[in-house]
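**Student:** With chain F's structure known, arrange chain S on it following the hints.
One line per chain: the protein sequences are F and S, in this order. Okay, so the first sequence: first residue is 1 according to full-length UniProt numbering, each after it adds one. Okay, so the second sequence: first residue is 1 according to full-length UniProt numbering, each after it adds one.
Any given hint might turn out to be false.
Heads up, incomplete: computed chain S residues facing chain F, CB under 7 Å, no partners named [stated by the list, open to error]:
1. Gly274
2. Ser316
3. Ala453
4. Asp456
In short, the hints are calculated from the structure, not lab data. The beta carbon of each residue, even a glycine, is placed where N, CA and C say it ideally should be.
Number of protein chains: 2
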Amino acid sequence: MAEVAVKSRGRRARRSAGRTAEPGQNEHLRVPYISRRIPTYDILSEESLAQIEATAERIMSEIGLEFRDDPETVALFRAAGAEVTDLTASSWNLKFAPGMIREILKTAPARFTQHARNPANSVEIGGDAMVLAPSYGSPFVMDLDNGRRYGTIADFRNFVKLAQMSPFLHHSGGTICEPTDIAVNKRHLDMVYAHMRYSDRAFLGSITAPERAEDSIEMCRILFGAEFVDQNCVIMGNFNTTSPLVIDGVTSQGIRAYAAAGQGSIHLPFLLGGAVAPLTMAGALAQCLAETMVSCAITQLVRPGAPTILGSFISSMSLRSGSPTFGTPEPALASLAMGQLARRLNLPLRCAGNFSTSKLPDAQAMQQAMMSMMSAVQCGANYILHSAGFLDGLLSMSYEKFILDTDLCGALHAYLNGFEVNDDTLGFDALAEGGPGQHLFSTQHTLRHYQTAYWDSAVDDHQPWETWDEKGGVDAASRANARWKAQLAAYEAPAMDEGTDEALQAFITQKKAEVPDAWY
Amino acid sequence: MAEVAVKSRGRRARRSAGRTAEPGQNEHLRVPYISRRIPTYDILSEESLAQIEATAERIMSEIGLEFRDDPETVALFRAAGAEVTDLTASSWNLKFAPGMIREILKTAPARFTQHARNPANSVEIGGDAMVLAPSYGSPFVMDLDNGRRYGTIADFRNFVKLAQMSPFLHHSGGTICEPTDIAVNKRHLDMVYAHMRYSDRAFLGSITAPERAEDSIEMCRILFGAEFVDQNCVIMGNFNTTSPLVIDGVTSQGIRAYAAAGQGSIHLPFLLGGAVAPLTMAGALAQCLAETMVSCAITQLVRPGAPTILGSFISSMSLRSGSPTFGTPEPALASLAMGQLARRLNLPLRCAGNFSTSKLPDAQAMQQAMMSMMSAVQCGANYILHSAGFLDGLLSMSYEKFILDTDLCGALHAYLNGFEVNDDTLGFDALAEGGPGQHLFSTQHTLRHYQTAYWDSAVDDHQPWETWDEKGGVDAASRANARWKAQLAAYEAPAMDEGTDEALQAFITQKKAEVPDAWY
Numbered sequence: 001m002a003e004v005a006v007k008s009r010g011r012r013a014r015r016s017a018g019r020t021a022e023p024g025q026n027e028h029l030r031v032p033y034i035s036r037r038i039p040t041y042d043i044l045s046e047e048s049l050a051q052i053e054a055t056a057e058r059i060m061s062e063i064g065l066e067f068r069d070d071p072e073t074v075a076l077f078r079a080a081g082a083e084v085t086d087l088t089a090s091s092w093n094l095k096f097a098p099g100m101i102r103e104i105l106k107t108a109p110a111r112f113t114q115h116a117r118n119p120a121n122s123v124e125i126g127g128d129a130m131v132l133a134p135s136y137g138s139p140f141v142m143d144l145d146n147g148r149r150y151g152t153i154a155d156f157r158n159f160v161k162l163a164q165m166s167p168f169l170h171h172s173g174g175t176i177c178e179p180t181d182i183a184v185n186k187r188h189l190d191m192v193y194a195h196m197r198y199s200d201r202a203f204l205g206s207i208t209a210p211e212r213a214e215d216s217i218e219m220c221r222i223l224f225g226a227e228f229v230d231q232n233c234v235i236m237g238n239f240n241t242t243s244p245l246v247i248d249g250v251t252s253q254g255i256r257a258y259a260a261a262g263q264g265s266i267h268l269p270f271l272l273g274g275a276v277a278p279l280t281m282a283g284a285l286a287q288c289l290a291e292t293m294v295s296c297a298i299t300q301l302v303r304p305g306a307p308t309i310l311g312s313f314i315s316s317m318s319l320r321s322g323s324p325t326f327g328t329p330e331p332a333l334a335s336l337a338m339g340q341l342a343r344r345l346n347l348p349l350r351c352a353g354n355f356s357t358s359k360l361p362d363a364q365a366m367q368q369a370m371m372s373m374m375s376a377v378q379c380g381a382n383y384i385l386h387s388a389g390f391l392d393g394l395l396s397m398s399y400e401k402f403i404l405d406t407d408l409c410g411a412l413h414a415y416l417n418g419f420e421v422n423d424d425t426l427g428f429d430a431l432a433e434g435g436p437g438q439h440l441f442s443t444q445h446t447l448r449h450y451q452t453a454y455w456d457s458a459v460d461d462h463q464p465w466e467t468w469d470e471k472g473g474v475d476a477a478s479r480a481n482a483r484w485k486a487q488l489a490a491y492e493a494p495a496m497d498e499g500t501d502e503a504l505q506a507f508i509t510q511k512k513a514e515v516p517d518a519w520y
Numbered sequence: 001m002a003e004v005a006v007k008s009r010g011r012r013a014r015r016s017a018g019r020t021a022e023p024g025q026n027e028h029l030r031v032p033y034i035s036r037r038i039p040t041y042d043i044l045s046e047e048s049l050a051q052i053e054a055t056a057e058r059i060m061s062e063i064g065l066e067f068r069d070d071p072e073t074v075a076l077f078r079a080a081g082a083e084v085t086d087l088t089a090s091s092w093n094l095k096f097a098p099g100m101i102r103e104i105l106k107t108a109p110a111r112f113t114q115h116a117r118n119p120a121n122s123v124e125i126g127g128d129a130m131v132l133a134p135s136y137g138s139p140f141v142m143d144l145d146n147g148r149r150y151g152t153i154a155d156f157r158n159f160v161k162l163a164q165m166s167p168f169l170h171h172s173g174g175t176i177c178e179p180t181d182i183a184v185n186k187r188h189l190d191m192v193y194a195h196m197r198y199s200d201r202a203f204l205g206s207i208t209a210p211e212r213a214e215d216s217i218e219m220c221r222i223l224f225g226a227e228f229v230d231q232n233c234v235i236m237g238n239f240n241t242t243s244p245l246v247i248d249g250v251t252s253q254g255i256r257a258y259a260a261a262g263q264g265s266i267h268l269p270f271l272l273g274g275a276v277a278p279l280t281m282a283g284a285l286a287q288c289l290a291e292t293m294v295s296c297a298i299t300q301l302v303r304p305g306a307p308t309i310l311g312s313f314i315s316s317m318s319l320r321s322g323s324p325t326f327g328t329p330e331p332a333l334a335s336l337a338m339g340q341l342a343r344r345l346n347l348p349l350r351c352a353g354n355f356s357t358s359k360l361p362d363a364q365a366m367q368q369a370m371m372s373m374m375s376a377v378q379c380g381a382n383y384i385l386h387s388a389g390f391l392d393g394l395l396s397m398s399y400e401k402f403i404l405d406t407d408l409c410g411a412l413h414a415y416l417n418g419f420e421v422n423d424d425t426l427g428f429d430a431l432a433e434g435g436p437g438q439h440l441f442s443t444q445h446t447l448r449h450y451q452t453a454y455w456d457s458a459v460d461d462h463q464p465w466e467t468w469d470e471k472g473g474v475d476a477a478s479r480a481n482a483r484w485k486a487q488l489a490a491y492e493a494p495a496m497d498e499g500t501d502e503a504l505q506a507f508i509t510q511k512k513a514e515v516p517d518a519w520y
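Isolated chain F, as found in the complex:
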């Protein structure tokens, strides 16, 4: 009789859990950023890592990097000891003696805080902290209803809202999609405003021109106060080198703008093997390390201590077409090695994401995404851009994939928690209670752990086939389609001080009025 009573409590407990939370909420897993509790997956030996580092030093000291259209950055490096060779009136080859860049990077923080306007959402970047952000930079958007089309500011706002509603992203990202209905020279204002207004998380600013970087930072001074901005990281820029081994002037000027303001920056070589890098992973890693180290070093010459993040985006290509491929096994291995290299530099790392070349939120999309994303979290990356929405080789931002990816991000929260081994979790008493052949449904141990033992997905279907079939037999993409619409319908904007909002809008109006629209 006692056993029956306990069983009945068990059923009530399960029903109650089902009532109190929507699928996919997993309240016990919610954090402003992840603190990784499992070790990293280290695949390279000390000897191999040292060989890659030595090759990176040879690249920096013997081949050098080319800088273009930014004599001020060249002057900074010359003063720091670089060997400068004039190539043209506006381009220079810079060589860095072995160890020089590594030395310059010693003033960069191993871990820092990027503040959000809601202090509860401020994130830490570096060490065992891990921050997930939406995908970045697609000109197109797609959904199952309307297919593929150019992104608009309405799409951009939608994705900011969807990101804000996911408990398993930590950062609002940057150019979630290109708002192609706004002039190229003005869209940064609307993008930064959308992050500020429709999200209360940290975000990225513009990097497409130095004055747009300055505008982004100026808007932060309105939102956070100028003094706070000078003393704290509240915005970051995501910069690409021009591989192989070139840093163009727009990029280096933008990097200097963020660093001078004490703001953060990410330094990413996009290495398509065989095109702009060796197609062997060891070589791609050496080049990646050289490029990202030199780019990061600019920040420390401008303002020692400015937050800076190493980047790695190593891609493969199709043997058949020369098209870039994503989510393949070789770059996943490179990501694991890049995590090791970043830890040896004691600097934060941005790496990989939910990559795919698929054009639909299908089996290919999630198989490739997983191959790439597992390497990102297992390598210990600290900032994972492209955590949600990435399809079509980064050309399209997908509404449905965004939902599938954020759900996966939730599962990764559980994964990165690892599991405790202690007397309670070893559960000997629970097993001994009934002994051989007896179910554990109603043990106190089961009841105590029931609601937190397992990840609860918002989109996966676990029903019996008959139930699933009766309910229409829909696939994961269709469920994701319904979910993003429901999420947008339920969205509520976080509160914002009216005066601040007016000041931001006034700044935008003034800036837009200053110059005519430019569409290139």
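**Tutor:** Just chain S now, kept in the frame of chain F:
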């Protein structure tokens, strides 16, 4: 001019590579079994592992395991020192003093060969060797044309053929699907024959009754010769404990049959947390270890040195329905830990697979499959059953998922190869050749590595969106649908000696005639 000439060679080389091999072939990755070249992903500390092992010993020594309907196995354990308590006339509780089972297992091989009828396809199991086999045990099959229905012997043969055609499976598996159109007491004969006739790889035999196990082994004596079978492992049985902590008589008799013949066996607790095991991973692992160790130990009491494989199949459940869930993060972590525990016992491990609860070959299917399968390969599992076809929580074998999974198995061949770090792969000269800003398309380094640098998928789409759209805009599942049909159409059976074939068929005819059909 020299540069142009080299570029032109590059283009020819690429075209030529495209012509000489169908997508997904990856000749450079083909092996009879994988030799893992990257380290395992170890997540638990020595202390935590020792705690789990100590709890497993407490389970074996203080709670004990229940044996049913097989006094002979009980007698073997009693003679080896187990404490036997009679429960009923046909069930016994057996307790094993700490260390006793571990001691018995010392005669089991750390690594062994399972011979295939084609010697080139013989596999090694244990150490850094890894063998991938199709999914096992689904009563239903499904494909996109005809949906879900009961499996037949025609489906069974189809899957044996599809497995044989994949370069990235190494083993033909066992009950790929239930051939429900053949009587329950006779279908093992047709299944074993299908593996022997339509594949030339190693396979699993029947375990559903001791006499069916004996039939499976007898058919091997016809195929391989009785003497060879006595001296070598040519077949294995895949046995489940009845969790928690019960081993039923059909199972232990079957285990004894395989071991007595010197054949291999797999010992798998199917632990659904909260139902038949603690839902905390530490507890599930301790129970898994205890159950699989005791089950494996039977083999060594029957015939010391008989090949035996530890098993782990730790599942989660839906908080909402109590349904089993697959491909979730917590069991993936448990798999990683199980790999560590198996290595400490110095025994081969069967673990995880391409698990999913999805009813379609969709985004959910491959996201879950990847979460589970990555843990299998990263934990260093030596025999991965359920590597292809698993859908619907193991209730259905999917033709399309089989294609998607085998393609993933190919990608995992590349992943498990890791990458070399040496002067050639570091590619310094290739990068120095052109220097900053110059593409590497036409370097000798690129041409030398072009065809082997990257995994080439048979089903993934990497085309530009416009090309993909013009070609019909189909998803991965549809491509897989076309592929399994093309594969079956192109299938050619491996040659078999006519006399052997006749002897096998005569044996089957005689066995079938001996008893009436039974359908339960």
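**Student:** Hint by hint, note whether the structure agrees.
**Tutor:** These are the hints, each one checked on the structure:
{"no.": "1", "hint": "Gly274", "verdict": "holds (5 Å)"}
{"no.": "2", "hint": "Ser316", "verdict": "holds (4 Å)"}
{"no.": "3", "hint": "Ala453", "verdict": "holds (4 Å)"}
{"no.": "4", "hint": "Asp456", "verdict": "holds (5 Å)"}
Checked against the numbered hints above, the structure breaks none of them.
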